[in-house]
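Chains as they are written, first to last, in numbering that gives the first Met the number 0: chain A, 0 to 366; chain B, 0 to 611.
Hints listed in this document are in silico derivations from the structure and should not be mistaken for laboratory results.
A quick note: this is a predicted structure, and the numbers were derived from the prediction, not measured.
Ideal placement from N, C-alpha and C gives every residue a C-beta, glycine not left out.
Careful: at least some of the hints might be erroneous.
[Stated by the list, open to error] Covered, in the sense of this in silico footprint (three residues per stretch, anywhere, with C-beta under 8 Å from a C-beta of chain A), are these stretches of chain B:
#1 7-18
#2 23-31
#3 41-47
[Said to hold, decoys possible] Here chain B is said to cover these stretches of chain A; the calculated rule only asks that three of the stretch's residues, wherever they fall, bring their Cβ under 8 Å from a Cβ of chain B:
#4 27-35
#5 144-157
#6 285-293
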Amino acid sequence: MEPRGWLMRLHLDGWLLAGILLLITTSLLVVYSASGGNMAVVERHGLRIALAFGGMVVMAQIPPHQLMRWAPWLFIAGLIMLVAVLITGTIGKGARRWLDLGIIRFQPSELMKLALPMFLAWLYAWQPLPPSWPRLLAGLAAIAMTAGLIVVQPDLGTSLLIAASGLFVLFFVGLSWKWIIGALGAVIAALPVIWHFMYDYQKQRVLTFLNPESDPLGAGYHIIQSKIAIGSGGVWGKGFLGSTQAHLAFLPESTTDFIFSVFSEEFGLWGVGLLLLGYTFVIFRSLYIAWRAENNFGRLLAASLSMTLFIYAFVNIGMVSGLLPVVGLPLPLISYGGSALITLMLGFGILMSIHTHKSRLRPVTSS
Amino acid sequence: MSDGHYHPAHEQQLFRRRILWAAAFVLLGFAILFARMAYLQVMLYDQYKGLAEGNRISIEVIPPVRGRIYDRNHIVLADNQPVYVLSITPEKAADWEKLLSQLSALFPYKFDTETRAQFAQWLKWQKKFNSYTLPFELDEIEAARFAARSHHFPGIQLTTELKRVYPYGSMTAHVVGYVGRINEKELKTLDPQRYKGTDVIGKSGIEKYYEDLLMGQPGWRQVETNARGRVIRVLEEQPPVNGQDIVLTLDIHLQKKAYALLDQRPGAMVALHPETGAVLAMASAPGYDANLFVDGISRRAYAQLLNNPHRPLINRPIGGVYPPGSTIKPFVALIALEHKIISPNHRIFDPGYFEYAGHIYRDWKRQGHGYVDVHKAISDSCDTFFYQLGLKMGIDLIHQGLQTFGFDQTTGIDLPGELKGLIPNKAWKRRVRGQPWYNGETIIASIGQGYSLATPLQLARATAILANRGTQIIPHLRKASVEPEGHIEIRNRENWERVIRAMEAVLHSPHGTAWRVRQLIAPYRMAGKTGTAQVKRLQAEEEYDESKVPMHERDHALFIGFAPIKNPQIAISVIVEHGGSGSKAAAPLAAQLAKYWLERNHVPPQQKRRKP
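Take the sequences, apply the hints, and build the full model.
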């Protein structure tokens, strides 16, 4: 199961690569269908995939100890940019998320998706696990700071997901179950307080999630149409290019956040099953990389990145099928869209780097 | 938590245990998602399939209710009546041709080839999602019969529609006009948003002129419909702004009286309220039933109307032009007096003809009127007096003077299709005919013959201006205050009274041309003027004998008049086409109409005026 041959020389993991390519191919097909057969959209998407692939390969060449050295500085730079974006950021869709760097517009929150797990993995790599209380609290503070800066942009969805990726690191360092359960209980108790501080549009989304039929023309419209698309797909689906909901323009953002509705309308329950299997394969391979990692930095980073992928897929599918509120999040590796895809592929690059840069001397493993 | 000792194996074990937990989370999470998807795609499949395939959220237009038209007594002249109709949405009907066949089997007597042809025509240029209302109505039994079989007819809906109804049919057809189906040409100029859901438009009369006010603004409702196009529920609704009701100045009773007096003879009667210019009655005979046009008139019925020699479709009061004949004389006389062409005492001797440049211009009275002054020239309608007067005035003064009374120009009434008539002058003849003006033409123009043409409305308006002693008015039908147009410059008020006294004598002195009519207006007194307009020019040696002349060559009978003489309440013009002499055929109608109006309005009869 160890990479070898040309893949090894390129520091790529064949199994992970195969899983990614499978999902990316699916993505090209569904984007083609969801865009109403618009080749221009597919070409733009393909270009971004190629760019993301390049990023992944580059990332895979950087040895983990190098990443570990950069981790704290990357995190500090990320924090500074999050502050900067709040002050000078470009407004898109009513929120300050973009930082204009002259040549490219850049979302610091995307950087943080990688920088926070890296920082936390760095933080807990210096001491044996489980960590001491001060380090746990330092980790929590880093998570809170990052999430806090993103939630005021405002971008609740990304903020919660980044927080989740950080909290997964705390989970993997061996935080005891009683603390985990205790913390979950505290969060549930705090929900009314969080509600109080939410923006109207966020409250509306939650309310709509709880009862989409209450507002069929406004906020609930997307969810109702999405559920119609999914449900009408049935077990076997309507076939490729057969999505009437997307093609009749009932579905909003059919190539991005709601692409799963189009997919499940066209490919039905069996297609959904295959897609979930595909995700499971990629996530399990990533977890395996974590399992086999030779030090704590690699373990924690790889495990956190794996679970981030899971969280993203779970939240997006839960959202379009009406299980979770609409938070505005793409489906990883499938949705059309630039920066999220690139971040994701950079993450895969890190995973491959962790797997392929190992000391010749195998660490002694105990039984 | 740390015991301070580094146990790499223990650490790795802890971590790997958490990895296994994480893998379990992943499986659990995806299992939940798969269960959710199975619930949506298997358990709720039928429901969502229906929603995806058939149920559509669509916008329905709610057409505004067209404004009603009332007469001055608030009696409705154009009403909206609910009727059952069938409307077709071709988008929803898979095979509309088959549906039409089934439908014609159900209602064979309603469905002719023309109906189908009309629908096919509509289908060609109309967008598919618009619905088409079949041009016939169903009664309650038929509606029930359709409703019971409606499941056989997807895309065809039974609805109630408001249909335009004209309770007075032919009596108001010309004034109120009618609505009809929007045709292709009209469609191009209309605001498609506004007329969505409306398939009729004002085609003539008030219905056309005030289309914008009557129409209103459509509303809409957002509805969820099933595959058959049936509305399941209304999601949102914006009510329409209904059309404005229009109250006319017309008095339907007087209108009825005018039609009764005309008694189907081709002709026209116009009655104005002199002070305001309000149209009290405006009759055009023969009439036609405006209701025929609402659903789209059949070709045969339309051809019948078009080919009728009496041309019922023409609105004669504004669209018919006639030589004004002798009715022009009071105006010509007044212009001459005001311009001091003649003095009030000017007198001529009439031998029964006037000779000019070797031509003989005969008076209607062969033996002549003897000595004639202005008064007698009007009351007895002496042609010779006016032949000579016209020559003295010249055509340009006659033209200019008559223009101040509104001749040779449209009145500006709120109706479409008004003609402007014609009073010739030298410039006109040069421009249109390319010929110089001859004095002989002035001679006949001064008795309203030759090129001169006027509409009955123009005559009524000029009469009203005379009755007003110079105050000009714009005749109008919509009951709203219309400011007086202005005032003719009066040089000597006595000239006006002199002419009006002469017109009074037409009815109320024994030698007046309408002396026989005085009983019909009694106890009121009326000022008037008869006119008999030649349709065919007679040769010099020919004698006019009404009984020998074919109907269409007989003279038009005209009369203008107003009553009472002081504080006039009604100004009337009457034309009976080919009716013969104005005194016999037209004057009695005017007198009866005026009396009817004055009595209805309880106008007290005035004292007999002192003889001049």
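Query - Structure versus earlier hints, numbers of those that do not hold, lowest first - result: 4 and 5
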